[in-house]
Amino acid sequence: MAVKSLRWKIFILFLLAVFAAPCSVAAQVNLEYSVKAAFVLNFLRYVTFENANDPSRVILCVVGEDEALAAFAPLREKSVNELQIEIVENPRHAGECMALFVTAAAEEGSRKLIESVRGKGVLLIGESPGFAARGGCIELTEEGKRIRFSINLKTARSEKLSISSRLLQLAKVVDE
Amino acid sequence: MTTLYFRLCGPAALRLRALFFAAFLILLPARTAAETPEDTAALFDLSIEQLMSIEVYSVSKKDEPLAKASAAVFVLTAEDLRRSGALSVPEALRLVPGLHVAQLDNSTWSVSSRGFNGVFSNKLLVLVDGRSVYNPIFSGVYWNALDISLENIERIEVIRGPGGTLWGANAVNGVIDIITKHTAKTAGSYLAFGGGSEERAFAEARQGNVWEGGGFRAGIRAYHRDAAKLPPEIGIGDAYDETEGGSANFRLDSELSAGETLFFAGDLKRFKEDSLVRFEDSTAAAAFLPARRFGDHQEASLQGKYHRRMANGDELSLQAFYAWYERDDFTVRQEAQTYDLELQHSLQPVSGHTLSWGAGFRRVEDHFQDAAIVQSPDPRKSYDLFSGFVQDEVALRGNQLRLILGTKLEHHTFTGFEPQPNVRLIWNPDEGSSLWAAYSRAIRSPARYNDSLNIRAGSFEALPGRRLTTILLGDEQIDSEKLNAYEVGWRQRLSGELQLDLATFLFDYSDLESIRFESPRIEPPLNGSAPFLPARWVNGASAVSYGGELTLTWSPVSYWRLQGGYSALELEMEFQEGAGGIQDEGEQTVEQQLVLRSLLNLSESVEIDALLRFVDSISQPRVDDYAELDLRVGWRPYRQLELAVSGRNLLAESHREFGEPFFGPLGTLRQRAVYAVAKLRF
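Quick note, the sequences are listed as chains E and D, same order. According to numbering that gives the first Met the number 0, the residues represented by the first sequence are 0 to 175, in order. According to numbering that gives the first Met the number 0, the residues represented by the second sequence are 0 to 681, in order.
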């Protein structure tokens, strides 16, 4: 009895595995995303949004798994130029986002969302390798055990984002 | 597959084949996280330059953290805990390859690493945020009293093997460190409730708030568990071990300035721990009387920690805790308080060296009142532990090779000075591989029961036709148990998705606790005047054990993760002439175990998780091998709501996991259980 039912269960598991829609196993991250969230906070402070449709609010959209969302959540308590930050988690539409952070795991599934913000003055931040080269504005990368970032100046210009020289000094600049 | 010599027979062997049919081989998400992100809130006040200097333990790079550890380490993350469906810490530890987790009755667990299991498994140190929950009276852990919400746990780090140099006495066969979440991660409200068969009802609530530079949370929880059944050879029907309990806890984090943090945490717990106990009395007509034990356990703890990370990378921490508990039933009535203070400092005096040193003081004060099983000629006692350690980590050949040298020196009231040195060497020839080797010495301090408690341990036919009660007598002459340990390990990333972790060990124990019988006596060390057979604790045994654990982690696709571990162990125990085991502790060892785990995301919101485990037999007291399966289906229709149904022990109606201890509750059968849970976050 037990043996049969076990086989059956395992078989079902295999079927599920094969036919399941791809989605990511939630990342088990803590410090990494917290540090990235702190970077993003600094980016918001050193970027001037010339095109912001509502300059009275700072809306940061975060697309990713729970661990990333949890790391960004404390930013709600922070402010940028005395404006309280609002966090929108996994938005369906990017309409309100001033900045958008996408985790590497969530990027593939968020293609449409990412494309939808192009040309709307949104600061697009990612972490997957080549994110900036593919047209993202800022890419957080890892070097050794530390976090670095690259900025795509062409994207910044076309999105009418002016980036402070302080950031540019520390960044690896991608200009293509 | 056939190279795994499972000595399983009958149905278990069939199940084993079924298991291999599944061929989900295995894996282990071994990641160590040596750096605690205790001050994530502080990160938001750092400049970009400061952020760029922070070392991040990336979990996305599966091999990187592992490559740093020169010990057999396994980490359970918050996500692992959530998806295990487990309701308690010991239950969650079943996921850890190489740990033997056995539940004796509804409220009694035994957990061991690399052999020597027992209800008072005395060679495994357990800490909660650095606070020891190892009980110095019975030298074990009251697992049931470790009533922590799994939702509050950031991760559980499990080290198999000795950790005496850093952790001190009793970190002989392993260390389990439970790290709770920073309050920055528990902002908002959380409510969970559920119930089912066996786990009749459970509920918890938590509220958290964060502010600039700090956070607070408070939570309460309660549970009620149904009574289990007795094994047929002992009796029929109910084992009267239903249990219920409740607890409240809080944590406060505060950031004093950049890099300077303070946290306080505390809890209050109370639970009922009923069971049947074997109460033998040579004066009674029947040698064996199962007696109902109505247990009441209460405890409270308060801890605080100051941590400072200086701009040059030096770290300083100061920690203090107070803990109190009282346990009361007719077999034992005890109360104890612990005061503890610890200081740690790490610095880089010269390039290539990381020097850590620390000092600590602990005082335990206990009080016993006479009870039927445990009595003390010395009802109040206090004992002190002074400790200091120093360790240097040297980077050689440009970080490819690292050497760790250190020692702990402790002074305990019962035994005097005890050094616990270690030497570790780790070689990372490339990114994905590491080889490590270690020698270490660890000790297990005598417990209060070894020193000065009298325990009525059952009766023997000492004279023809005459049964005499054996009474275990504490002896102040008893010394520490010692271990010299040799370990070698290898970790390799075989491909992007497959990782291997192998750890092997040779342990050489001496001065192990054992007992020596003396001539029957009449003068009463316990109430009453019946003749009894005294047995005294002596350091009369030695043992050699060797074995290893192999773990593999495999993520064939992004939405499916498999993990598994196989462990094998041989243990030979030898007694000096005249000495023996009250129960042959060395025999209470599970020689082989296999754990297979599957975590599958069926869609964005549906998860299906399975845990299969095979546990070898225990020879004395006899427990058969068994195979069991736990399944969980979780569904998150909204971000705020999680619903899950878990099935536990699904393969058989019931099984036994552990034999009876020499005193304490009767073992009961673990039964199939199904329960549902709803969790709300808002």
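A few of these clues could be false.
Claimed, not checked - Simulated crosslink set (SDA-like; lysine to any residue; CA at most 25 Å straight-line):
#1 D:K271 / D:L601
#2 E:K77 / D:H306
#3 E:K77 / D:L601
#4 E:K77 / D:G213
#5 D:K380 / D:E325
#6 E:K153 / E:R133
#7 D:K678 / E:R75
#8 D:K678 / E:L68
#9 E:K77 / D:W210
#10 D:K678 / E:P90
#11 E:K77 / D:A217
#12 E:K77 / D:A310
#13 E:K111 / D:L601
Stated by the list, open to error - Pair by pair, the computed Cβ-Cβ distance ranges are:
#14 E:S55 / D:M51: 30 to 38 Å
#15 E:N89 / D:S618: 33 to 41 Å
#16 E:S157 / D:A310: 35 to 43 Å
To be verified - Incomplete in silico selection of chain D near chain E, CB under 10 Å:
#17 L42
#18 F43
#19 L45
#20 S46
#21 M51
#22 A77
#23 K184
#24 A186
#25 G187
#26 W210
#27 E211
#28 G214
#29 S557
#30 R638
#31 L642
Since the hints were made in silico from the structure, they are not lab data. Note that the Cβ used here is the ideal one computed from N, Cα and C, for glycine as well.
Tested hints:
For the proposed pair K271 (chain D) and L601 (chain D), the alpha carbon gap of about 40 Å is over 25 Å, so the pair is violated. For the hint linking K77 (chain E) to H306 (chain D), the alpha-carbon distance of about 23 Å falls within 25 Å, and the restraint holds. For the hint linking K77 (chain E) to L601 (chain D), the alpha-carbon distance of about 36 Å lies beyond 25 Å, and the restraint is violated. With a C-alpha separation of about 12 Å, the suggested pairing of K77 (chain E) with G213 (chain D) holds against the 25 Å cut-off.
As the CA atoms of K380 (chain D) and E325 (chain D) are separated by approximately 15 Å, the hinted pair is consistent with the 25 Å bound. Taking the CA atoms of K153 (chain E) and R133 (chain E), the gap is about 11 Å. The hint holds against a cut of 25 Å. For the given pair, K678 (chain D) sits about 23 Å from R75 (chain E) by alpha-carbon distance, which is consistent with the 25 Å threshold. As the CA atoms of K678 (chain D) and L68 (chain E) are separated by approximately 18 Å, the hinted pair is consistent with the 25 Å bound.
Only pairs whose Cα atoms come within 25 Å are accepted, and K77 (chain E) paired with W210 (chain D) is accepted, the gap being roughly 9 Å. Pair hint K678 (chain D) plus P90 (chain E) holds up; C-alpha atoms about 22 Å apart against a cutoff of 25 Å. Restraint check: the Cα-Cα separation between K77 (chain E) and A217 (chain D) comes to about 23 Å, which is no more than 25 Å; the hinted pair holds. Our distance criterion of 25 Å between C-alpha atoms is met by K77 (chain E) and A310 (chain D), whose separation comes to about 23 Å.
Only pairs whose Cα atoms come within 25 Å are accepted, and K111 (chain E) paired with L601 (chain D) is accepted, the gap being roughly 22 Å. Checking the proposed 30 to 38 Å range against S55 (chain E) and M51 (chain D) shows it holds: the Cβ atoms sit about 31 Å from each other. Between N89 (chain E) and S618 (chain D) the beta carbon distance is about 54 Å. The supplied range of 33 to 41 Å is therefore violated. Between S157 (chain E) and A310 (chain D) the C-beta distance comes to about 39 Å, which sits within the given range of 35 to 43 Å.
Interface restraint check: L42 (chain D) against chain E, minimum CB-CB distance 4 Å, threshold 10 Å, status holds. Below 10 Å, beta-carbon pairs count as interface contacts, and F43 (chain D) has one with chain E at about 5 Å; its hint therefore holds. Of the supplied interface hints, the one on L45 (chain D) holds, with its beta-carbon coming within about 6 Å of a beta-carbon of chain E, less than 10 Å. Because the closest C-beta pair between S46 (chain D) and chain E is about 7 Å apart, less than 10 Å, the hint holds.
Interface hint at M51 (chain D): satisfied, since its Cβ lies 6 Å from the closest Cβ of chain E, which is below the 10 Å cut-off. The beta carbon of A77 (chain D) comes within 7 Å of a beta carbon in chain E, closer than 10 Å, and the hint placing it at the interface holds. At a threshold of 10 Å, the smallest CB-CB gap from K184 (chain D) to chain E is about 5 Å, leaving the interface hint in force. Of the supplied interface hints, the one on A186 (chain D) holds, with its beta-carbon coming within about 6 Å of a beta-carbon of chain E, less than 10 Å.
Interface hint status for G187 (chain D): upheld, as the beta-carbon distance to the closest one in chain E is roughly 8 Å, under 10 Å. A cut of 10 Å between beta carbons decides the hint on W210 (chain D): the least distance to chain E is about 6 Å, and the hint holds. Because the beta carbon of E211 (chain D) sits about 6 Å from the nearest beta carbon in chain E, less than 10 Å, this interface hint is met. Against a cut-off of 10 Å between C-beta atoms, the interface hint on G214 (chain D) holds, since the closest Cβ of chain E lies about 8 Å away.
Evaluation of the S557 (chain D) hint against chain E yields a held restraint, the C-beta minimum of about 5 Å falling below 10 Å. Interface hint status for R638 (chain D): upheld, as the beta-carbon distance to the closest one in chain E is roughly 7 Å, under 10 Å. Against a cut-off of 10 Å between C-beta atoms, the interface hint on L642 (chain D) is violated, since the closest Cβ of chain E lies about 16 Å away.
Violation of the numbered hints given earlier is confined to hints 1, 3, 15 and 31; the remaining hints are satisfied by the structure.
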